Amino acid sequence: MTAILNAVFAPGFFGSAPVHLALLTGGVAAFVSGAVGAFAVLRGQSYAGHALADISVTGGSGSYLVGISPLLGFAGIGVLAAAVMDMVGIRRPRGRDLATGIVRGAGLGLAALFLFWDTTHTSTTGAAVTVLFGSMFTLSPAVVPLVIGCAVVALAIIVILARPLLLSSVSPDLAAARGVGVRAVGLMCLIAIALAVSLSALTIGTILSTALLVGPAATAMRLTRRPGRAAVGAALLGVAVTWGGIVLAYDSFPWPPSHDGWPVSFFVVALTLVCYVLAQLAPQRRPAGRATPAPAETGRSGAAEFRMGE
Amino acid sequence: MSSNAPARAATTAAATAAAADAEVLDVDGVTVRIAGRDILRDVTFSIGPGQFTGLIGSNGAGKTTLLRVILGLQAPTSGTVSVGGERHAARKGLIGYVPQKIQLDPDMPVRARDLVGLGLDGHRFGLSLPRRGRRQQVDEMLRAVGAAAFADERVGQLSGGEQQRVMIAHALISSPRLLLLDEPLANLDISSAQEIIALLDRISSERGISVLISAHEMNPLLPVMDTVVYLAGGRAASGTTSEVVRTEVLSALYGHHVDVIRVHGRVLVIAGGGDALDIPGLDPCAEPGPSR
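Keeping their order, the protein sequence lines are chains A and B. So that you can map any letter, position 12 of the first sequence is 12 in my numbering, and since no number is skipped, the others follow by simple counting. So that you can map any letter, position 253 of the second sequence is 253 in my numbering, and since no number is skipped, the others follow by simple counting.
What the hints contain is simulated information worked out from the structure, not anything from laboratory work. Quantities reported herein were computed from a predicted structural model and do not represent experimental measurements. Ideal Cβ placement from N, Cα and C applies to all residues, glycine included. Among the hints, a few may not be true.
[Unchecked claim] Pair ranges (Cβ atoms, derived):
1) B:Arg132 / A:Asn6: 47 to 57 Å
2) B:Asn187 / A:Gly67: 51 to 61 Å
3) B:Arg132 / A:Pro141: 38 to 48 Å
4) A:Phe14 / B:Ala89: 34 to 44 Å
5) A:Leu273 / B:Asn219: 51 to 61 Å
6) A:Leu108 / B:Ile270: 57 to 67 Å
7) B:Glu140 / A:Gly261: 52 to 62 Å
Work out the full structure: start from the sequences and follow the hints.
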């Protein structure tokens, strides 16, 4: 038993302070990303999430220049970008993609400048790697209150707005007809996405943070047809792959080629992908009392309508 | 509704107060002008309790705009709308709405029963706690529209007719006085369209709900319509089908001669040249509509 435990968790895993901090911040970030990601995917805003992650590079690289916590940089610029994307016209699908693309391009341009300055003018040469690929094992404990704060705000937004968000993702007109402030609700959701992506950017890096936003959500949606379960499932799945990634990264220290460990981000994303593929392979469960599968997109009308007359 | 001329507002206020008991929906002098073009011009009609009314017009006639004005999603340039005597935001609670065919992602984790439940409390903040009363109410509604068999399916994977039933349940569960449906028969095959019409007719008479249903083809609705609102070029003629769907009335509405022909209980509206009149953009500057 101990042998198995030792094989999975390399010696020293449970006693290491950086590991504890990684488990905490990584877990919190993944939980928020999963839960918020379920709504992002449901609302077809995974591209917006991707853009917000790219833009947060700007905030992260800028934060090294002015000497504030990278999380502040990620979150600050993310929320700002969310507001700009909303103003430029995120409501119509076409305007939304254009607005997102434009804001994203502008953000990445600034990020290039800031990263250049980070490496040339200030001595933070590691900034690029930290911003792009995360820093789960090198976080300062001082960041914890800020992590918890961002997490609470993001979760509060989606818990409070769960039903209006769901209704407006089915049909904005339907929601507006019920008196839902569709635009305000959409903006709040975008802010929650920005916060979730910022948290993941801190732990697994800006480049990979959308993996935790979209991956667990897409996997959970495949496995359940209930919105609440999808959100909670995605959150828990996100925590599982993150903790799994931390364990593997810790185990990987003696691995080739360099014998100083593989990046935790790689393991997290790899595990996310494995879960998604396994979920795709899982047979779709059909509810009892309805033997025939619902017809696919094309052959809908005929067979399905027949059954209604019974 | 807000930009009404003062003198007129005074008279309509009195009229509305008087009509509040009688009419479920009262549309009075509604004009919608967008970018200098009249989408709707001086549209006036009313619908009584439990009445089944068809809103008929070709594509582009202004049907969706009129429904959006009634819902309060579009402010009219002038004119007023009242539902159950309510002129303002409070009327939203009295209307059930089934929007035009919406594209739903087949993988979306929302079951038919979830969507119906959202009709009850989808505008509220916070999470909905599973209550037995709520579940019973949703089950009852699903049965009433014949959607119980696929209550636990993802809505995005249902057929067009099945989705319409779920949307109708969603609209009805909040016990509205008026049910608005925007082209619910579009994209349905004939047998499902007839099933949906029969369902709406039954709901309307059993629950005393007034139904306003938009369609570009009136024939499927002829057996169940109590009254018709015919839209052409932004203007409306309303009344019973025999009052409105007549050569003189529709010719005046369209602004040029059309023939109304009845064959085997079906109505054909044919333009002077002999072409079927299902094209928008006919002269909107003709003399004002008749029958009002």
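Item to check | Hints breached by this structure | outcome: 4
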